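Modelling step: build the complete structure from the supplied sequences, incorporating the hints.
Protein sequences appear in the order of chains F and H.
Taking this note's numbering, I'd label the letters of the first sequence as residues 783 to 949.
Taking this note's numbering, I'd label the letters of the second sequence as residues 783 to 949.
Read the hints as simulated data drawn from the structure, not as lab findings.
Careful, some of the hints might be misleading.
A pair holds if it fits inside one copy or across any two, identical chains being indistinguishable in the list.
Unchecked claim - Each computed DSBU-like pair below joins lysine-lysine, with the alpha-carbon atoms no more than 30 Å apart:
#	residue 1	residue 2
1	876	797
2	883	856
3	949	876
4	816	883
5	856	816
6	896	919
7	919	816
Everything numeric in this text was worked out from a predicted model, so none of it was measured.
Number of protein chains: 2
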Amino acid sequence: MSTNTIISEKELFIKMVMSNWDLQISRMNSLLAKLSDEDLSSPTAPGRNTGVYLLGHLAAVSDGMFTILGLGEKLNPAMDELFVRKPEDSGLQKPSIAELKEYWNKVNTLLSEKMSQVAPEEWFNRHTAISEEDFAKEPHRNKLNIVINRTSHISYHLGQLVYLVKK
Amino acid sequence: MSTNTIISEKELFIKMVMSNWDLQISRMNSLLAKLSDEDLSSPTAPGRNTGVYLLGHLAAVSDGMFTILGLGEKLNPAMDELFVRKPEDSGLQKPSIAELKEYWNKVNTLLSEKMSQVAPEEWFNRHTAISEEDFAKEPHRNKLNIVINRTSHISYHLGQLVYLVKK
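As C-alpha cells, then:
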C-alpha cells in the first residue's frame, strides 16, 4: 500500500486484522519448513495430538471459513470429520502428510485471495453462523471477528506444534 | 452495552478486539482454576517451560502493556527480567505460585480498567514502541494492534498450558 493512499477507518482496521492473520499463517509455514515428516508424525507432548493431526485440524478449520464468511464452498468437506469433529484416535483413514500440506497451502492461498476481494463494508456484516436476531444485539460478531478469532486459534495450536522442534 | 446505543465504527472495532482479549483472559483464568500448584510446577511437555514460568511470562507481558500503551508504569518491572528476558533455567530466584497468581490478577484487573477508559480515537494512535516515522508509513501499527497481537500471544501459551490438565 502506498504511503500516500488515504484509507478509510474500516480499511485500516481490516488491515490490522489481516496483518495479524498473515503473521500467524507465515509463522505456521516457517515452522512446517523446519519439521521433517518424522517430526510431524510425533505427538506434540506425551499422549497429545501429533503434528499431522494439528496440521489437518488447522487446514480444516481454515477451510470452514469459506462457508462461514460466505466466500464459497469448502475445498474438502470430508476433512472436517477427520480433523475437527473426530479426535486423532478415531481410527479413520487419514491423508498423507504431503496431501495435508498441499491441502493447507491450497486452502490458505485461496482464502487469502478471496478475503482480499471482500469489500470493506462487507466485513462488518453478519457471518453465517450467527442469527439475524443475535447479530442485531451484538454487531461486533461480524465476519471480521471470525478472522480475529481464528487468528487466535492458529496461535493456540502453534504453541503446541513448536514443541515438535527438537531442542 | 444497551442494544439501543448507537456506537461509532471505532467503538465497534474496539469492542471486537476487547471481546477477543477478554475471552483469552477468561480462558486462562478458567484453566488456572483447574490446575493444582503441583500441576503448575510441572513442565508443559518434557524439557519445556513449566506452568509457573508461563504464568509469570504472561503476567509480565501484560504488565509491559501499561508502558507500551501509555497507561502508566509497570506494576512490577523486575518480573520482566525473570520471565521475559531470561529463560526458565536462569537460576534466578522466582516468586511463589501464590504471588504470581496475585500478580497476574492485579495486572489484568488494572489493565482492563485502564483500557476501558481509553478514548476511542486514542486507540488508533501510535504506541510507544514504534517511531513517528514508521507509524506515518504503517498506521495500522497502533495501540489497538498491540492488543490484537497480545491476544494471540496469550492463545499461543494457553495451547501449551492446557497440556498440564491431566487426561
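Checked hints:
1. Taking identical chains as interchangeable, the C-alpha atoms of residue 876 and residue 797 are never at most 30 Å apart, the minima being 36 Å within one chain and 40 Å between chains.
2. With identical chains, the CA atoms of residue 883 and residue 856 are at most 30 Å apart within one copy only, with a shortest distance of 16 Å there and 43 Å across copies.
3. For a Cα distance limit of 30 Å, the shortest separation of residue 949 from residue 876 qualifies both inside one copy, at 29 Å, and across copies, at 24 Å.
4. Taking the shortest Cα distances, residue 816 and residue 883 sit within 30 Å of each other inside one copy (13 Å), while across copies they are farther apart (35 Å).
5. Taking the shortest Cα distances, residue 856 and residue 816 sit within 30 Å of each other inside one copy (28 Å), while across copies they are farther apart (37 Å).
6. Taking identical chains as interchangeable, the C-alpha atoms of residue 896 and residue 919 lie at most 30 Å apart whether they share a chain (28 Å) or sit on different chains (26 Å).
7. Within a single copy, residue 919 and residue 816 get their C-alpha atoms no closer than 45 Å, and across copies no closer than 33 Å, so neither meets the 30 Å cut-off.
Of the hints listed earlier, those the structure fails to meet are numbers 1, 7, in rising order.
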